[in-house]
Amino acid sequence: MSQPSSVEEKLDHLQHHFIDSDQQFEASKLGMWIFLVTEILFFGGLFAAYIVYRAWYPELYLLASEELDVFWGTVNTFVLIGSSLTVAMAIRSAQLNQIRGLIINLWITIGLALTFMVIKYFEYVEKFEKGILPGAHYSYEGIAHEKANIFFSIYYMMTGLHGIHVLIGIGLMIWLVFKAKKKVFHSGYYTPVEITGLYWHLVDVIWIFLFPLLYLID
Amino acid sequence: MATNDESKNVRKLQVKRFKPEENPEKHYLNQEKGLWAWMTTVDHKKIGLMYLGSITFFFFIAGVLALLLRTELLTPARSFMDADMYNQVFTLHGAIMIFFFLVPSVPTVLGNFILPLQLGAKDVAFPRLNLASYYIYVVGALFTLFAIFTGGIDTGWTFYTPYSSSAAGGNIMAMTFGIFILGFSSILTGVNFLVTIHKMRSPGITWNKLPLNLWGLYATSIIQILATPVLAITLLLLTMERMLSIGIFDPAIGGDPVLYQHFFWFYSHPAVYIMIVPGFGIISEVISTFSRKVIFGYWAIALSSLAIAFIGFLVWGHHMFTAGQSSLANMVFSFLTFLVGIPTGIKIFNWLATMYKGSIDLKTPMIYALVFLFLFTIGGFTGIMLGALAVDIHLHDTYYVVAHFHYVMMGGMVMAFLAGLHYWWPKMFGKMYSEFWAKITCAIIFIGFNMTFLPQFVMGSQGMPRRYFNYIDQFQSFHQFSTIGAYIMGVGFLIMAAYMIHSLVKGKPASSNPWGSRALEWQTSSPVPLHNFEHTPVIINGPYDYHKPMSEFQLGITASQHAHHADKPVDISTQEKEQA
Numbered sequence: 001m002s003q004p005s006s007v008e009e010k011l012d013h014l015q016h017h018f019i020d021s022d023q024q025f026e027a028s029k030l031g032m033w034i035f036l037v038t039e040i041l042f043f044g045g046l047f048a049a050y051i052v053y054r055a056w057y058p059e060l061y062l063l064a065s066e067e068l069d070v071f072w073g074t075v076n077t078f079v080l081i082g083s084s085l086t087v088a089m090a091i092r093s094a095q096l097n098q099i100r101g102l103i104i105n106l107w108i109t110i111g112l113a114l115t116f117m118v119i120k121y122f123e124y125v126e127k128f129e130k131g132i133l134p135g136a137h138y139s140y141e142g143i144a145h146e147k148a149n150i151f152f153s154i155y156y157m158m159t160g161l162h163g164i165h166v167l168i169g170i171g172l173m174i175w176l177v178f179k180a181k182k183k184v185f186h187s188g189y190y191t192p193v194e195i196t197g198l199y200w201h202l203v204d205v206i207w208i209f210l211f212p213l214l215y216l217i218d
Numbered sequence: 001m002a003t004n005d006e007s008k009n010v011r012k013l014q015v016k017r018f019k020p021e022e023n024p025e026k027h028y029l030n031q032e033k034g035l036w037a038w039m040t041t042v043d044h045k046k047i048g049l050m051y052l053g054s055i056t057f058f059f060f061i062a063g064v065l066a067l068l069l070r071t072e073l074l075t076p077a078r079s080f081m082d083a084d085m086y087n088q089v090f091t092l093h094g095a096i097m098i099f100f101f102l103v104p105s106v107p108t109v110l111g112n113f114i115l116p117l118q119l120g121a122k123d124v125a126f127p128r129l130n131l132a133s134y135y136i137y138v139v140g141a142l143f144t145l146f147a148i149f150t151g152g153i154d155t156g157w158t159f160y161t162p163y164s165s166s167a168a169g170g171n172i173m174a175m176t177f178g179i180f181i182l183g184f185s186s187i188l189t190g191v192n193f194l195v196t197i198h199k200m201r202s203p204g205i206t207w208n209k210l211p212l213n214l215w216g217l218y219a220t221s222i223i224q225i226l227a228t229p230v231l232a233i234t235l236l237l238l239t240m241e242r243m244l245s246i247g248i249f250d251p252a253i254g255g256d257p258v259l260y261q262h263f264f265w266f267y268s269h270p271a272v273y274i275m276i277v278p279g280f281g282i283i284s285e286v287i288s289t290f291s292r293k294v295i296f297g298y299w300a301i302a303l304s305s306l307a308i309a310f311i312g313f314l315v316w317g318h319h320m321f322t323a324g325q326s327s328l329a330n331m332v333f334s335f336l337t338f339l340v341g342i343p344t345g346i347k348i349f350n351w352l353a354t355m356y357k358g359s360i361d362l363k364t365p366m367i368y369a370l371v372f373l374f375l376f377t378i379g380g381f382t383g384i385m386l387g388a389l390a391v392d393i394h395l396h397d398t399y400y401v402v403a404h405f406h407y408v409m410m411g412g413m414v415m416a417f418l419a420g421l422h423y424w425w426p427k428m429f430g431k432m433y434s435e436f437w438a439k440i441t442c443a444i445i446f447i448g449f450n451m452t453f454l455p456q457f458v459m460g461s462q463g464m465p466r467r468y469f470n471y472i473d474q475f476q477s478f479h480q481f482s483t484i485g486a487y488i489m490g491v492g493f494l495i496m497a498a499y500m501i502h503s504l505v506k507g508k509p510a511s512s513n514p515w516g517s518r519a520l521e522w523q524t525s526s527p528v529p530l531h532n533f534e535h536t537p538v539i540i541n542g543p544y545d546y547h548k549p550m551s552e553f554q555l556g557i558t559a560s561q562h563a564h565h566a567d568k569p570v571d572i573s574t575q576e577k578e579q580a
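Protein chains in written order, with the numbering used here: chain R, 1 to 218; chain F, 1 to 580.
Source of the hints: derived by calculation from the structure; they are not laboratory data. Every residue, glycine too, gets a C-beta built ideally from N, C-alpha and C. Among the hints, a few may not be true.
Chain R regions said to be covered by chain F (calculated; three or more residues, Cβ under 8 Å) [stated by the list, open to error]:
(1) 46-57
(2) 124-136
(3) 140-153
Generate the whole structure from the sequences, applying the supplied hints.
Right, here's the structure in full:
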C-alpha cells in the first residue's frame, strides 16, 4: 500500500452533506443544467405564441420586422457572442488558478453585457418615440396591418424578458468579482463561476434565436 | 475502506451493523433550539415540517370555504351569501386547494422529509435553495392573501380570458402574481430532488434499489420542472395583458382566448399528475410494508410513473373539447387521454398482486391505501368517460366533472397523503398516534367523502352545471345529501387534528421501526438524528426484500479505516453465511 499522499486540498467550500468536492461540483452543475431546461420552457411559451401568430399573420411579421434595426441587432449579436467567449475564458482562468485573469474576464463580460443593454435601450426609445408601444397603447401608423400591435407585444415580451435575464447575469457576475477578490475561488473550487457561465451561455443562445426570428425575417 | 482481494477477484467492503438507537435524547427536533434556529434552518426535515404547518393552514382555509359553499347549496335559491360572494368563494376554494395544498403537499412535506432518508443522504443537494423555496412559497401565499383581502377574485381557479383580462374579476393581478411566485418554489423543489436522487445516493443504492416513493418523486419532479415554467409565462402574459393590454389573449384587442386555454392546460393538466404521482409512490411503500411482501412488478410501477409523466404532457386538449378545437385535434387528444389509463391500470394491478397472498396488517396507513385504491379507481374510470368525446359533450362543465376531479384529487391524492402522513408520523415525531381513533376517523372520512361526491355524479349526468349559485328544485335532495356528507368529512378532519395533537403531546414513544419495514428511512432512530445517519449506510438488498433478515438492512461503512479498531468490522459475505 502506498503512503497517504500529502497533497493538501483547500476544503473551506465543501458543504457538510457532500462526500467530496467532485460530488458537490457535479451536483451544482446538474442542478444548473436542469434549471436551464426550465428556462427554455419558460421562453418556450413565448416562442409558441410567436409561432401561432406568425402562422396566422405571416405578412404582418414581414411588414413589422422592417421597423427593427438590423444593424444594431447584428452589433448586439456580436457583443453577446463576444461576452460568451470572455465568460468561457473566465472559467478557464479559474481552472488555472489565475485569479487576476478571472476578474479581468468577468469585468469584460460585464462591460459587454452593459453594452448590449445600452444598445437595447436606444432601440426601445426610438420605437417608443414613434408610438410603437405594446398592445392597446400602440399608436404608430407606419405599418399597414391591423394586428401590428400584437407583433410588437411579442417583441417587447421576448426581448424584455431576455433583457431581464441579462440584468440578472450582470448582477451574478458582479457578485462573482467580489467573491474572486476575496480569494474564494481557486482551481479546486470555481463552481459558481462555472454555473454562472452556463447560465450566461443560455442567455446568449436565446438571443441567437431571437435575433433571426425578429430582425431577419425577410 | 474497500479493499481488493486480488487472488479471489472478490471485492470486499468492510461494513458493520448499526442498530438504530431507540428514542434518542438528541434528535433533529431538539438539537437546535429557538424560533430563529427553526426559521433559518437548512435541515430538510425541519423544512418539511414547516411546509406541513403551512399546507395544513391552507387546507383548513380552503376546507372551510368548501363547507361554506356546500352550506349555501342547501337550498335552490340564496341561503346566506349572495351570488358574487359565492363566485369568490368557489374560486378561492379551488385556487388555494390546488396551488397551496395539492401541488406542494406530498413533495414538499413527505418528499422533503423522506427523500434524503431513503437515499441515506445527510440532506438534499441544495439545502439553502430548499429553505429559499419555502420562503418563496410564503411570499406567494402572502400575495394571494393580499388579493383575497383587496377585492378577491371570481374567475374560477382557471383564470380564463377574456373575463380575467377585463376590468371585472377582482384583484387578479395580485393573485396570479402570487401563483407565479409560487411556481418558482415548485421548480426549485423539483430541481433539488432530481439532483439529490442523481447525485446523493448512498453506496449500493442503484437505480433498481431505489424505493418506489423516490421513483414517484422523480417523475413528479420532471413534470414540475417541465410544466411549471409554462404556467409562469402564461400568468406573466396574463398579468401583462391586464397591465399593458398586450393583446395576446384578449379578443377585444386582437388576441385569442383559446390560446390562453392551450397555455394554461399545458401546465395544468400535467399539474394534476404533479399532485397524484407522488401519491402513487407512497401507496407503493405502504402496500408493500403492510403486506410483508416484495413489491410485485417493481419496474412496472417505477416506469409507469415516468410513462404517466410523459403522456401527461400530450393530453391537455381534453379540457377544451367544447372550446372550438378542430375535430381532428379533439380525436387525437381523446385517444391520447385513454392512453393514460394504461400505466395507471398497471399500477393498480401491481399493487393488488403485491397484496395477493401477503400477510396483510390492517394498520391505519394500510387502510388509507385501500381507501385510495377504491376511490382512485372510481375517479380514474370516470376520467376515461370524460375523455370520450361524445360523452364529454354531455358531461362538460357539470357536477360530473366536479365529482370526478374530487375522486381523483381528494379520494386519490389526499388519501395517499394521509396514508403517508400516518405511515411516517412515528418517524417524524417519534410518537405513535391512537390507532383506534385513526381508524374511526378514516371510516368517517370515507363515508363522508362518498356521501359528498357520489350524488354529484348523478346530478352531473342529469345536467346540473358546476359553479352555479342557484339550481332547479329537482336537484335539492342530492345537494342536501352532498352537504351533509361534507359536514361529516369536516368532523372527521377535526377528530384527526385532535388525535394528532394528542399524539404530539401525550403519544406513546415510537420505536425506530414500528411497522417492521425494510426501507432505509426506518433503519435510523425515531425521531431522526440531526444528520439522519450516524454512519454512511450501505445497501445490499432492495427496499422491499421482506424475505431477508433485518440485520442485512442496517449496514454501514465502518467509521474507522483501521482494521484494528475497537468496533470489529463485519464482512458481508461472512455475515450472509451466518444467516444462511
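The hints, checked one at a time:
no.: 1; hint: 46-57; result: holds (count 5)
no.: 2; hint: 124-136; result: holds (count 3)
no.: 3; hint: 140-153; result: holds (count 5)
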